[in-house]
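Build the complex from these two chains, which are given one at a time in their own frames, with help from the hints.
Chains as they are written, first to last, in our numbering: chain A, 1 to 93; chain B, 1 to 158.
Think of the hints as simulated: they come from the structure by calculation, not from any bench.
It should be emphasised that the depicted structure is a prediction, and the values quoted were computed from it without experimental measurement.
Note that the Cβ used here is the ideal one computed from N, Cα and C, for glycine as well.
Hints are not guaranteed to be accurate.
Unchecked claim - Lysine to aspartate or glutamate pairs mimicking DMTMM-like chemistry, simulated, CA-CA at most 20 angstroms apart:
#1 B:132 - A:41
#2 A:57 - B:8
#3 B:131 - A:41
#4 A:15 - B:32
#5 B:67 - A:41
#6 A:57 - B:32
#7 A:57 - A:16
#8 B:142 - B:109
#9 B:67 - A:42
#10 A:68 - A:46
#11 A:68 - A:5
#12 B:51 - B:36
#13 B:51 - A:16
#14 A:15 - B:31
#15 A:57 - B:17
#16 A:57 - B:36
#17 B:51 - A:18
#18 B:142 - B:106
#19 A:15 - B:36
#20 B:153 - B:105
#21 B:132 - A:18
#22 B:132 - B:115
#23 B:131 - B:17
#24 A:57 - B:31
#25 B:67 - B:17
#26 A:57 - A:71
#27 B:67 - B:115
#28 A:57 - A:73
Claimed, not checked - If you only want the chain A side, here are some residues facing chain B, beta carbon under 8 angstroms, derived:
#29 11
#30 31
#31 33
Stated by the list, open to error - Stretches of chain B that chain A covers, calculated by requiring three or more beta carbons in the stretch to come under 8 angstroms of a beta carbon on chain A:
#32 19 to 31
#33 43 to 55
#34 58 to 68
This is what each chain is made of:
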Amino acid sequence: MSLADRPRHGYALLKDTEALSQGRVRLSTGTLFGALRRLLEDQWIERFEQEDTSRDKQAYRLTAMGRKQLELELDSMKQLTRAGTARLRASEV
Amino acid sequence: MNARRAYEILLRLYPRDYRARFSAEMTSAFEEAAAEHRQRGRGASVRFVAKELAGLLAGAAVEWMAKSVTDDTVRGRNLPDRQRMRPPGVSWEDHYGNPPLDVPEDVREAQRCVDASVAGMVRAIADHEFKKARFYSLAERKASERLRVLREKYELGE
Numbered sequence: 001m002s003l004a005d006r007p008r009h010g011y012a013l014l015k016d017t018e019a020l021s022q023g024r025v026r027l028s029t030g031t032l033f034g035a036l037r038r039l040l041e042d043q044w045i046e047r048f049e050q051e052d053t054s055r056d057k058q059a060y061r062l063t064a065m066g067r068k069q070l071e072l073e074l075d076s077m078k079q080l081t082r083a084g085t086a087r088l089r090a091s092e093v
Numbered sequence: 001m002n003a004r005r006a007y008e009i010l011l012r013l014y015p016r017d018y019r020a021r022f023s024a025e026m027t028s029a030f031e032e033a034a035a036e037h038r039q040r041g042r043g044a045s046v047r048f049v050a051k052e053l054a055g056l057l058a059g060a061a062v063e064w065m066a067k068s069v070t071d072d073t074v075r076g077r078n079l080p081d082r083q084r085m086r087p088p089g090v091s092w093e094d095h096y097g098n099p100p101l102d103v104p105e106d107v108r109e110a111q112r113c114v115d116a117s118v119a120g121m122v123r124a125i126a127d128h129e130f131k132k133a134r135f136y137s138l139a140e141r142k143a144s145e146r147l148r149v150l151r152e153k154y155e156l157g158e
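Looking at chain B on its own, in the form it has when it is part of the complex (with noise of 0.2 angstroms):
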């Protein structure tokens, strides 16, 4: 079995979507990157291969946890969003707004869920994955139902 072989079996183990949107890059990249390193000599090409399988099954394993969690930190592979992460130097105001730290804990958890769910909708449409947006579609109104019981519950404006 040659590299390119066992290379192609061993994408088959990531996620469908995920191969259809990589996989042609990806062999392409690896038959690149092995035709160089076969120049330097066989040690470096079979080094370079076990790398890449190995790298392979490791990156397989993530991708099938990043799609089987909806936590927006793990799917980053726990790093913190940056896109949420204050930079430095600007204050916390300027990067957040005035926090609202007179809102009930319930009716900030009933806002991240919306917010997850919105999140988990437009990621499952860039996907083409309908039944799971569809899911997120209907989380989302379930979510936004219980916020506005609870605004009005504690009479908070819009």
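Here chain A stands alone, though its shape is the one from the complex (with noise of 0.2 angstroms):
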């Protein structure tokens, strides 16, 4: 989700997650990058090539298909939030 917006890099996207998840999320840099290995290989992300980018800081971005996986998991999310504010509902009548 951190991509969603913007190409980010490893640093930036540790940050990133950690300000969306309100500072209840803070990945190790071993943890990001797994993720990030397999993100690269399922081809939800890629690596953006900028001008001023050095080996060591290199920024990632959603492919088509990320953001397309993106979308189902936000879709789903929202499916189940409504699913369990309805039984919620349901039991206080």
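If you want it as structure tokens, here you go:
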């Protein structure tokens, strides 16, 4: 989700994940780059070539397939939230 | 020994191809985050470094496991492959096409072997592991031949 609005490199992803989760999730670099490896393998993200990008500061961005998967995941979350809310309301009646 | 040195040493536990792709980026991200944690105080900095080093140990184990297995679900850390999951609101027929329920199990198994071999070959080529790619190529040829024989046996079309 951190790559939904713009490409980001490793440290920016760590910071954004922490901000998105309001400080609850602090990824280690080992966890983050393991996830990036799997996402690259699945072709959900790709390396984003920038003129000023050095080898140690590589940016990543979502591919079209990755964006589609994110949309599906968010739809799935919405559906789950709706179902949970409906059950809570039903139990209050 | 400073934190960066310890980090670089533990990075050597990762598979070589993984290191070639990510070690420079990982070290850079670690250094930026370490600098930020140093400003938060010594306690925060020590906790951060300890968590990072433990994360590297766990990450290296996961990467070796992912490298040594070819099962997609294990490579994805036991998560189901979302590309093969039917999204909510989409019918089975629309997502998967009509399920070939009349196809015998050994034909389906042979087809799965062909698909897995092709996926492994593509992945190996992407990782520049050409020895592994040749292995998958051979496996794909054998699986395709078996599939052809089975299709003939059951008189199934292409």
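query: Quick check: which numbered hints come out false for this structure?
result: Structure breaks hints 21, 26, 28.
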